[in-house]
Amino acid sequence: MRQLLNTLYVQTQGTYLHLDTDNIRVEVEREKKAMLPLHHVNGVVVFGNVLLSPFLIHRLAREHKPVTWLSEHGRFLARTETPVRGSVLLRMAQHDCAGDRERTLAVARYIAAGKLQNQKTALLRAAREAAEADAAPLRQAARDINDQIACLPLGQTVDEVRGIEGTAARSYWQVFPLMLRQHREFFWLSERTRRPARDPINALLNFVYTVLANECASACQTVGLDPQIGFLHALRPGRASLALDLMEELRPIAADRAILTLINRGQITPRDFEQHEGGVVTLREEGRKTVLAHLNERRKEEVTHPLTARKTPLGLVPHVQARLLAQHLRGDRPHYPPYLHR
Amino acid sequence: MIDLLICYDVATQTEAGRKRLRRVAKVCVAHGQRVQNSVFEVSVSEEQLLTLRQKLLSILDPTEDSIRIYRLRQPRQHFVEAYGLDHYRDFSEPLIL
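Chains as they are written, first to last, in our numbering: chain A, 1 to 342; chain B, 1 to 97.
To be clear, the hints were calculated from the coordinates, so they are not data collected in a lab. Treat the hints with care, as some may be off.
Each computed DSS-like pair below joins lysine-lysine, with the alpha-carbon atoms no more than 25 Å apart [stated by the list, open to error]:
id, chain 1, residue 1, chain 2, residue 2
1, B, 19, B, 55
2, A, 65, A, 300
3, A, 65, B, 26
4, A, 300, B, 19
5, A, 65, A, 32
6, A, 65, A, 33
7, A, 300, A, 311
8, B, 26, A, 32
Computed footprint of chain A on chain B, listed as stretches where at least three residues anywhere in the stretch have a Cβ under 8 Å from a Cβ of chain A [as the list claims (entries may be wrong)]:
id, stretch
9, 13 to 21
10, 47 to 54
Cβ coordinates follow ideal geometry from the N, Cα and C atoms, glycine included.
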């Protein structure tokens with residue numbers, strides 16, 4: 001089993017990273033800030049103006065540790081593609097499946113089912129903790145999503161599956177603010193806006209989803225799957241569709257939950273946001289740090305995987321799921337079992 | 001991961017000795033972090049421990065130098081007390097710089 005290693009996030013602007021005796025040497029203005037042995041790191045994520053020496057990039061590439069470049073505000077820009085590993089036969093199977101309408105539909109259905117089920121679980125859990133007035137709409141939304149799950153087997157095309165998922169998403173996001181217990185007047189959510197974010201919740205969601213999508217792409221590559229060939233998400237140049245597919249079922253539990261916790265505990269407050277002209281909202285540097293630290297803590301939290309019945313750190317769930325998908329594509333498993341959170 | 005404490009004495013009267021000292025230090029830096037001048041805290045897997053030990057032994061002059069490898073008991077924070085200057089960084093904690 002793969003070990004859960006740490007990801008190095010560098011967001012101090014003007015940092016220089018280079019290779020020094022099997023360590024990543026971190027310098028800010030020519031002053032040594034840290035030495036990190038490479039064997040503790042499984043990837044590097046840098047924000048904005050951070051420089052990496054070519055030798056460090058080469059070494060990371062050779063050890064299959066991806067470097068991801070994000071803009072200062074966490075927008076995805078680029079990612080190193082390390083020499084492809086894994087069996088070429090697996091990738092052939094993946095391509096075959098993506099070309100087969102029936103099989104694509106089946107995988108897409110399971111992925112969507114996993115996502116809706118996890119959304120439902122999240123809502124019901126929140127309803128148990130919420131005030132009486134909020135609990136009723138949360139339960140109602142959970143029932144609505146349940147109805148959509150029942151519709152999934154009827155979807156005859158991937159487009160129809162996406163439509164069902166969209167209907168459920170509307171019910172989910174409508175009641176999402178009811179799960180908040182702090183600063184409700186500040187954290188409102190009118191609708192999901194991707195880029196740019198128009199309100200603080202969207203700014204947080206976009207940031208966390210970028211981080212999570214990246215981890216899912218790494219998981220695909222480690223297992224030997226092509227992260228660009230997905231089943232639920234349409235194929236588009238440059239889009240890691242399979243990584244987005246894998247992320248779907250993890251969104252409600254790994255990303256949305258993290259945001260709720262941070263806000264409800266008061267770790268993320270209105271002070272962590274910056275309002276720009278034109279109604280664009282971004283997360284400040286301190287806020288990003290809080291979010292990353294929390295995500296890292298969550299990653300170590302152990303959950304019992306419903307299928308393998310083993311205790312697994314939440315951070316390794318994308319890897320387990322990628323492996324299960326690979327087994328399905330190879331024909332060792334009749335269908336792809338999504339991760340269902342308890 | 002196994003947590004180790006590595007300390008060494010390398011005879012530095014001769015140029016060859018000073019060279020050995022630099023090489024030992026380099027191998028230790030490659031695997032862990034320097035907590036004092038010739039004391040390292042290292043956290044490695046079983047295989048990495050084999051290569052680390054092998055590398056150190058190949059540099060060592062057994063008639064002049066000594067290297068000691070101690071296994072640290074887990075969890076570290078219960079069994080290691082550090083006072084004064086301490087640059088130790090836990091690599092399993094969030095690495096956000």
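Status of each hint after checking the structure:
A distance of roughly 15 Å separates the Cα atoms of residue 19 of chain B and residue 55 of chain B; the hinted pair therefore holds under the 25 Å criterion. Taking the CA atoms of residue 65 of chain A and residue 300 of chain A, the gap is near 19 Å; set against the 25 Å cutoff, the hint holds. Distance hint between residue 65 of chain A and residue 26 of chain B is fulfilled; the C-alpha atoms sit about 23 Å from each other, no more than 25 Å. At roughly 42 Å between alpha-carbon atoms, residue 300 of chain A and residue 19 of chain B are farther apart than 25 Å, so this suggested pair is violated.
Between the alpha carbons of residue 65 of chain A and residue 32 of chain A the distance comes to roughly 23 Å, so the proposed pair stays at or under 25 Å and holds. Taking the CA atoms of residue 65 of chain A and residue 33 of chain A, the gap is about 22 Å. The hint holds against a cut of 25 Å. Between residue 300 of chain A and residue 311 of chain A the alpha-carbon distance is near 11 Å, which keeps this suggested pair within the 25 Å criterion. Of the supplied pair hints, the one linking residue 26 of chain B and residue 32 of chain A holds, its CA atoms being roughly 17 Å apart against a limit of 25 Å.
By the rule of at least three residues with a Cβ nearer than 8 Å to a Cβ of chain A, the coverage given for the stretch 13 to 21 of chain B is violated, with 0 such residues. Counting residues of the stretch 47 to 54 of chain B whose beta-carbon sits less than 8 Å from any beta-carbon of chain A gives 1, not enough to reach three: the coverage restraint is violated.
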